[in-house]
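Undergrad: Each chain, letter by letter, is given below.
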Amino acid sequence: MTDKARNVVLRTEQLKTFYILDAFGCEKVVKAVNGVDLEILGNEVYSIAGESGCGKTTLLKALYAAVEPPLRVMEGKVFYARKGDELDVYALSKEQKRRLRWDHISYVPQGSMSVLNPVARLRNSYRDFLESHSDGKTRKDFLRIARRHLDELGLPSKVLNAYPHQLSGGMRQRVTIALAALLGPRIMIADEPTTALDVVVQRGVIQLLKGIQETLQNTIIMVTHDMGVHANVADRIGIMYAGKMIEEAIADRIFGQPLHPYTQYLINSLPRFGDKTMRQSAPGSPPSLADLPDGCPFHPRCPQVMQRCREEMPRMKTMPGKHRVACWLVEGGVNERIA
Amino acid sequence: MRVLRDLFKDYRFALSFLVLWFLLIMAVLSAFSPYDPLIWFHGPPNLKPSVTYFLGTSAKGQDIFWQATYAVRNSLIISVIAGAVSRVFAVLVGMIAGYRGRGTDRVLMFFTDTLLVMPLFLIIVMLALLVRERMTLVNLGLLLAFFGWAWDARVIRSQILSLREREFTKTAVLSGTGTLKLVLKEYLPFATPLIFSTLINNMAWAIGMEMTLAILGLTDINIPTLGTMLHWAISKQALFLGQWNWLLTPVVLSVLLFIALYWLSVSISEYLDPRTRVQRVGGK
Amino acid sequence: MAFVKRYLIPRLISYILVIFLGITAVFFIPRFTPSDPVHRTIAQLMSRGTYLDPASMEAMVEDLQELYGLEGSLLQQYGAFWKRTFTGDFGVSFFQFPTPVSELIRTALPWTAGLLLWTTMLSWVFGNIVGALAGYFSRSRWSKALDTLAMVVRPLPYYIFAFALLILFAFVVRWFPIAGGTAIGRLPAFTWTYIWDVLWHAFLPALSLVVLGGAIWFQTMKLIVQNVNAEDFVQYAKLGGVREGRIVSRYIMRNAMLPQITGLALSLGQILSGALITEIVFSYPGVGTLLFNAITSGDYNLIMGITALSILGVTTAILVIDLLYPLFDPRVRFR
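Keeping their order, the protein sequence lines are chains A, B and C. If you read the first sequence in my numbering, its first letter stands for residue 3, the second for the next number, and so on. If you read the second sequence in my numbering, its first letter stands for residue 4, the second for the next number, and so on. If you read the third sequence in my numbering, its first letter stands for residue 854, the second for the next number, and so on.
Treat the hints as calculated values from the structure; they're not laboratory data. Quick reminder that beta carbons are idealized off the backbone N, C-alpha and C, glycines included. Any given hint might turn out to be false.
[To be verified] Facing chain C, according to a computed beta carbon distance under 7 Å, are these residues of chain A, among others:
{"hint": "1", "residue": "Ala67"}
{"hint": "2", "residue": "Ala68"}
{"hint": "3", "residue": "Arg100"}
{"hint": "4", "residue": "Arg103"}
{"hint": "5", "residue": "Ser116"}
{"hint": "6", "residue": "Val117"}
{"hint": "7", "residue": "Leu118"}
{"hint": "8", "residue": "Asp130"}
{"hint": "9", "residue": "Phe131"}
{"hint": "10", "residue": "Ser134"}
[Unchecked claim] Straight line, CA to CA, 16 Å or less: simulated EDC-like cross-link-like pairs of lysine to aspartate or glutamate:
{"hint": "11", "chain 1": "A", "residue 1": "Lys99", "chain 2": "C", "residue 2": "Glu1097"}
{"hint": "12", "chain 1": "B", "residue 1": "Lys12", "chain 2": "A", "residue 2": "Asp24"}
{"hint": "13", "chain 1": "A", "residue 1": "Lys324", "chain 2": "A", "residue 2": "Glu194"}
{"hint": "14", "chain 1": "B", "residue 1": "Lys188", "chain 2": "B", "residue 2": "Asp223"}
{"hint": "15", "chain 1": "C", "residue 1": "Lys1091", "chain 2": "A", "residue 2": "Asp39"}
{"hint": "16", "chain 1": "B", "residue 1": "Lys12", "chain 2": "A", "residue 2": "Asp39"}
{"hint": "17", "chain 1": "A", "residue 1": "Lys324", "chain 2": "A", "residue 2": "Asp24"}
{"hint": "18", "chain 1": "A", "residue 1": "Lys79", "chain 2": "A", "residue 2": "Asp90"}
{"hint": "19", "chain 1": "C", "residue 1": "Lys997", "chain 2": "B", "residue 2": "Asp13"}
{"hint": "20", "chain 1": "C", "residue 1": "Lys1091", "chain 2": "A", "residue 2": "Asp24"}
{"hint": "21", "chain 1": "A", "residue 1": "Lys212", "chain 2": "A", "residue 2": "Glu154"}
{"hint": "22", "chain 1": "A", "residue 1": "Lys99", "chain 2": "A", "residue 2": "Glu70"}
{"hint": "23", "chain 1": "A", "residue 1": "Lys79", "chain 2": "A", "residue 2": "Glu41"}
{"hint": "24", "chain 1": "A", "residue 1": "Lys96", "chain 2": "C", "residue 2": "Glu1097"}
{"hint": "25", "chain 1": "A", "residue 1": "Lys99", "chain 2": "A", "residue 2": "Glu88"}
{"hint": "26", "chain 1": "A", "residue 1": "Lys79", "chain 2": "A", "residue 2": "Glu15"}
{"hint": "27", "chain 1": "A", "residue 1": "Lys85", "chain 2": "A", "residue 2": "Asp105"}
{"hint": "28", "chain 1": "C", "residue 1": "Lys1091", "chain 2": "A", "residue 2": "Glu15"}
{"hint": "29", "chain 1": "A", "residue 1": "Lys319", "chain 2": "A", "residue 2": "Glu88"}
{"hint": "30", "chain 1": "A", "residue 1": "Lys319", "chain 2": "A", "residue 2": "Asp39"}
{"hint": "31", "chain 1": "C", "residue 1": "Lys1091", "chain 2": "A", "residue 2": "Glu41"}
{"hint": "32", "chain 1": "A", "residue 1": "Lys79", "chain 2": "A", "residue 2": "Glu133"}
Model the full structure from these sequences, guided by the hints.
TA: In structure tokens form, the structure reads like this:
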């Protein structure tokens, strides 16, 4: 696939979404997404990595335009490319947004334990989603569509007669992912799709996701803190820290030559064959999003911290190979790994 | 202290706290009453409020204000006895059922549920009818305590069940902490606010029951309580005689008391339940 | 079959056990108290000025013992009491001597059932619908206003609330009758005038029950809906762009209803005890007034009869709802 065919399907400009909390009279601002620029391409798996509490899930919500109080969009825009146009998502009406969902963009939830209506058979849940996005079809049509869809994905279509509590955790997650792919959306957003599952089931779920992406030739934007999953499925990886994107590149480069000291920690924390040295993780813990330090938010934990890091946040800089990184070490050419 | 400060930000808590203090002071004032509440006609009957008789007098020739101080005091005494004693039952049953589980749980919950579906009110009426002559404040409190613990035992049990699932229980059990010690040291502190909130509800229930029984004439109607005051006002036709001061005194006091207790318990349980708390903290 | 064994049988067993315990309590409570109903009755008669010579006194004691089921050993009495319960024969009433208790209850029951059955249902439906809407639109102004109103109305003691309504609407402004189930002397007939008269008399008591009962359902339902609304499956359906009407009906209401169904069973069962205060305040000719008369005249047979009936009513209502519950909740049906 050439770069030309890979046009941008989703784009953000300096996106800032904050939680504005009113805790017993005093206002508290949690800067969960703090100025993120993204360009996500067609037919790719873009995955976002970072520690818990770095704003990954909030970013997904913002991309999906599912922002509800206390979360608010403070600044910036999100665009979807659709039928040759660019839609400014936050300028759309509620009903226009509703119509885009599932048809154009869908969401795979974090845990599938409780995302399905416990008192409805799965065929009814499928019907609810189908019927809300397509008109003029009968009940029989919906059932047929649902059954064919599951057949194509290699899932037993008899699960449609079951209630959610009758399925195993893995099956429930697969059925939920299948539900998200039901209308062949151009973009699927997946929030930690494997977190709650055991390792064996995890692999099946990842394969299912990957299979769907290959069949539909669409885009998956995935968040997970499991670097192993990133290595398996991601085309490009974005590293997030304290509400900001700090590095972004194709998967091989992120694993092969990470530039940001934080990314280096993340990669070094992975176990490797034959390497018996202690795995090192970043010292300290991520800053509170309600009380960010000045300058680069990583500077209190950074082993190569400089005076400048404490004062000023570096901007994203594009390096050769479309490798983008926000770090003063790179800016000043200090990082020895590039040299 | 932080907890109290947060609670006071809820206007319902602050208001009911004030009202309860006011009623408590009234109850304490009864100690300084110049009249014996059991003696009739220590003044002229059916007076309107005046300087001598702050809230007027009743048809029985009693000073309504001082009578009301006794009424508040006695109603509170009944509710505290009923509430405190039934807490002992509720906490014991709830904790044992919740902690031991299995057979013990099933048997205890069967009795609790039985008590829950019984027409308790009728049974209390039956008992009250039989021991009417000896219905002192303490006896009435104990009678209500005996029947008023079932629901709260269930509430406490489910709290213990959820505590049992937490990590520290397993750690404590594995490190060999005894059952009793575990329940007292690890669970009780967590369950205390909940127990307190059920106590308030139970006190309101007891006061309500006392009023109903008194209006039916099933308690010792010579002892002044909010219920017996109302009983006398109604049976001596205060309404038709236009003795509003007599009728309204117990009505207003009990309405204040009920609303204060209810608001107190609602604001505390909202504070305890993180889900409703989040909704209250909410966004702007 | 697993369903029958795991769900049906335990409930049937506890149904029978609860009735057994309840009726046993009704039997033993009067017998464990020191006062003897026979001597109390005679003392009450004498205090009203009736003179009894020793012979008729003796005969009366025997009669009363038979009436109260106090003949023979405790065990025999106990057996006889069960027989009487099942045949619906609770002996004769003392306060309307010698009308059988069962007949008194039969005359009064339609009034109570008519008033309380439909007000209980009405306040359930009304409170749940308004509460669900208020819970779903919990950020709106009207929802907050209703919530505040319910916060004030709910803790009011029923007695005072009902009494205030009566004074306001039947005494100060005379829109409604002050007492009774119909106008005095009106004979039951299937005519519009009669039905209208019954409804007119029932209005105030019904209003008092619906407002206070509705406030409780409203508050519980509002809280449940707020919690269900925050559940993952509702949030996910919203993310999926499922139409709002469908989310409210099939996702929120359908799930929030479940605990309320159990609540309805409990409150339907409490109708007989709940009737007492309502009927006293509004002088309504139902079981409550009957009970009040029984209490004031110490009519033990009548109280025992009403209590036993109430126990049967509550437990049966709960059993019926328990048996219907799996229809609403598949998690109970299949496991």
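Undergrad: Starting from lysine 99/A, check that the Cα of glutamate 1097/C is at most 16 Å away, please.
TA: holds (13 Å)
Undergrad: Would the hint linking lysine 188/B and aspartate 223/B be met if the CA-CA limit is 16 Å?
TA: violated (42 Å)
Undergrad: Less than 7 Å between beta-carbons is the criterion; does alanine 68/A satisfy it with respect to chain C?
TA: holds (6 Å)
Undergrad: Next pair to validate is lysine 324/A with glutamate 194/A; report whether the Cα-Cα distance is within 16 Å.
TA: violated (26 Å)
Undergrad: Hinted pair, alpha-carbon criterion (16 Å max): lysine 79/A, aspartate 90/A. Please report holds or violated.
TA: Measuring from Cα to Cα gives roughly 7 Å; hence the hint holds.
Undergrad: Starting from lysine 1091/C, check that the Cα of glutamate 41/A is at most 16 Å away, please.
TA: violated (26 Å)
Undergrad: Starting from lysine 96/A, check that the Cα of glutamate 1097/C is at most 16 Å away, please.
TA: With Cα atoms ~11 Å apart, lysine 96/A and glutamate 1097/C stay inside 16 Å; holds.
Undergrad: Any CB of chain C closer than 7 Å to the CB of alanine 67/A?
TA: violated (10 Å)
Undergrad: Holds or violated: lysine 1091/C with aspartate 24/A, Cα cutoff 16 Å?
TA: Outside the cut-off at roughly 25 Å; violated.
Undergrad: Quick check on serine 134/A please, does its C-beta sit within 7 Å of some C-beta on chain C?
TA: With a closest approach of 5 Å, the serine 134/A hint holds.
Undergrad: Keeping to a limit of 16 Å between CA atoms, is the pair of lysine 12/B and aspartate 39/A held or broken?
TA: violated (41 Å)
Undergrad: Between the alpha carbons of lysine 85/A and aspartate 105/A, is the straight-line distance 16 Å or under?
TA: Holds, at roughly 13 Å.
Consistency with the previously given hints fails for numbers 1, 13, 14, 15, 16, 17, 20, 28, 29, 31, 32, ordered from lowest to highest.
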